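Enquirer: Given next are the chains, with one letter for each unit.
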Amino acid sequence: MDAKEIIARRVALELRDRSLVNLGIGLPTLVARHVPPEINVAFQSENGIIGFGAPPPEGMEDPNLTDAGGGYISALPGAVSFDSAFSFALIRGGHLDMTVLGGLQVDARGRLANWMVPGKLVPGMGGAMDLVAGARRVVVAMQHAARGESKIVPELTLPPTSARPVTLVVTDLAVLAPTADGLVLRERAPGISVAQVLAATAAPLIVEGEVPEMQLAA
Amino acid sequence: MDAKEIIARRVALELRDRSLVNLGIGLPTLVARHVPPEINVAFQSENGIIGFGAPPPEGMEDPNLTDAGGGYISALPGAVSFDSAFSFALIRGGHLDMTVLGGLQVDARGRLANWMVPGKLVPGMGGAMDLVAGARRVVVAMQHAARGESKIVPELTLPPTSARPVTLVVTDLAVLAPTADGLVLRERAPGISVAQVLAATAAPLIVEGEVPEMQLAA
Amino acid sequence: MHRRAITAARAAELIPDGASVLFGGFMGVGTPMRIVDALVARGARGLTIIGNDTARPGIGVGRLIEAGCVAKAIVSHIGTNPVTQQKMMAGQLAVELVPQGTLAERIRAGGAGLGGVLTPTGLGTVVAEGKRVIEVQGRDFVLEEPITADVAILHAHEADYNGNLTYRLTATNFNPVIALAARSVIAEPEEIVPVGVIPPDHVRTPGILVDHLVERPR
Amino acid sequence: MHRRAITAARAAELIPDGASVLFGGFMGVGTPMRIVDALVARGARGLTIIGNDTARPGIGVGRLIEAGCVAKAIVSHIGTNPVTQQKMMAGQLAVELVPQGTLAERIRAGGAGLGGVLTPTGLGTVVAEGKRVIEVQGRDFVLEEPITADVAILHAHEADYNGNLTYRLTATNFNPVIALAARSVIAEPEEIVPVGVIPPDHVRTPGILVDHLVERPR
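Residue numbers (my numbering), protein chains in the order written: chain Z, 1 to 218; chain Y, 1 to 218; chain L, 1 to 218; chain G, 1 to 218.
The hints are simulated quantities; they were obtained by calculation from the structure and are not laboratory data.
What follows is a list of derived Cβ distance ranges for each label pair:
hint, chain 1, residue 1, chain 2, residue 2, range
1, G, 90, L, 139, 34 to 40 Å
2, L, 90, G, 190, 57 to 63 Å
3, G, 86, L, 132, 44 to 50 Å
4, Y, 62, Z, 40, 33 to 39 Å
Listed next, the in silico DSS-like pairs over lysine-lysine satisfying Cα-Cα at most 27 Å (straight line):
hint, chain 1, residue 1, chain 2, residue 2
5, G, 131, Z, 120
6, L, 131, Y, 120
7, Y, 4, Y, 120
8, G, 131, G, 72
9, L, 131, G, 131
10, Z, 120, G, 72
11, L, 131, L, 72
12, L, 72, Y, 120
13, Z, 120, Z, 4
Just so you know, these numbers come straight off a predicted model, no measurement behind them.
Ideal Cβ positions, reconstructed from N, Cα and C, are used throughout, including at glycine.
With the hints as extra help, turn the sequences into a complete structure.
Expert: What follows is the structure, given as structure tokens:
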């Protein structure tokens, strides 16, 4: 199982029944493939729809029905469309139960950076700042390291996405929970030891007792 | 012609072609009967409709289609319904060309009072404060005096509806325009002299040259 | 995410004495009358009701006022209901008057996660007393605080069993905006249809905001 | 209030060089492409464009960027358009990044006569730098100023000849909100139908907000 697959399957277990969930573009999108069968989740795409499904068969796409990445989607029974002001009223107003976002860095305080690398890349924040500020639970889904460097850092060196700490960080090595005391190591990936996680992490981690191995959704 | 009829017919001449107009409950509603035939006006009722018409025939009313007074109305071709937040986005945002409101007092600065008489009557402001703050033109349609007392006063003794001066005041005796220097007497009602207007008005009025007699819509 | 419809009596049980209740309706049009009558029937006490007006005696939330269910009304207008006036004068009912557009916008702000409303409405009136005035781009605005409540009771036209709602003409009014601003949302539709029947573009309130649907009378 | 539809070329003439232009669209979906192409064809210069994103090369307002029509882009995201990035780095294009929900709400505020937006989004980030932070009910909010523009260019699904508009699925996005916030509003519908054909409850933008309709290609 590759790193992205591990992350997506672990994040899927964070889904709660009868909840409204937003998945960021890229890795977070993979989570939709692993929704546990007993769980009923509605997905919101911030460009203005709740209740979308997989792309329609080729040739049956509607140019007016797309996800936030501009890709074709379908509408499930009970789908609802709305404008951008309403979409973010839902997001900012605490009506979105969970968002899953990619990340460039998370620091010991649980702050996320995911929208720019000064001097190199300025994609923009899109909806990420509103999502982190407004969603009830913010789950970061990202690889533990990039180009050999830990993305879990003592203090952000990239511009933060929000002052608000995220709820949970899921990587290919570990599940981390930001707390008032710092990042707690909650789980380790299958076959990964606590020592390996600590060695791969630039930020200090709090380890309390036995650290269980991740469960993964099917 | 009675006082209300004179006022309604004079106010009707303030209607501009291709404009959006709100009429307050009571006297202002009468203006709709005198829209000049060459003028195309859309009426907005603040409870959420543009493009309504006269009540339907008896027995054909829809309990979900009413004006701001709760009375049955009909929908003209091209009518649009919307919620209260949108209705007041139109009103506050300057998209309403004109509102016609009743009044209890107007003072020399052009300020309107029309929503309460302390200790006696507290109907509430309803949409009046938003209408006076937001409509491009605010026309007050009211009798010049009540119980023998002038309603055009030097300084409001009743709580103001807004700090913003109204655009025009139309009474059964005169048309008054608030300016930086005070209330200017623009027109006098048919058969009424300037002296009669001045005698019936508690506030000082500015009289410049000849004061023409009101024209009245059919 | 199907949910079964409940009886109006059950809905009334879900609204405890002393609760704050956002209600839809304008002069009683668009007010959920089965829920109102059930609240009267169960003898609800000490409610704070928040909505446009107190309608007329025997109409809309006027019935709650007469039955003594209401301790406080936050509304824009009470002029059409002499019972409200009498109870207010007798000290049996607290009334807080809010301009209509400001009321809609404060509720929207509460539901959309915004910190308040900056409006020109009410400047220079008693409405602005004790409130912060903030200058933006050279103009003054009153800072009005957001409103949320324990419960919202909505009247809708069609619902599906996901809780997706449509509204009808001027019965729309405050219903869409209050759906965003309460911890528990109870909707009383005129009709309930299977999920998938209402086109996504016609839904005005997504079912994820609706906690309970009230069934039609059998 | 019927109006005749105009050609896209005529619409482009109504948008002067140097104008500020609010545009609908999300990754090009819901962007009025006939107007965009006409702007490119007439060689528009110095535009400030305001909307969600700059789509991809050759898609949506991406075409305006490539053709050198744009001096400044106020958007939430440019990550999918390398041409935007290149022109920005080369100093040929100014880019101002605004969080997506904040952008929608600032435009709505501009159109609704509100003095700004109080949002938690952007707190503790570069977005809040130099802006007022206001405490309400014990929480901090950034004061974001309203946005208006010279022109808004909208994509709609159906229009009638009154200018009443409907939108389709995720092509809705920023279109309804920008219709409120520009001095001149130009809509490009997929279809124009006779007045009276669209039910009042289905209209999302009333024709009184729309100055010009662009005809379909012949």
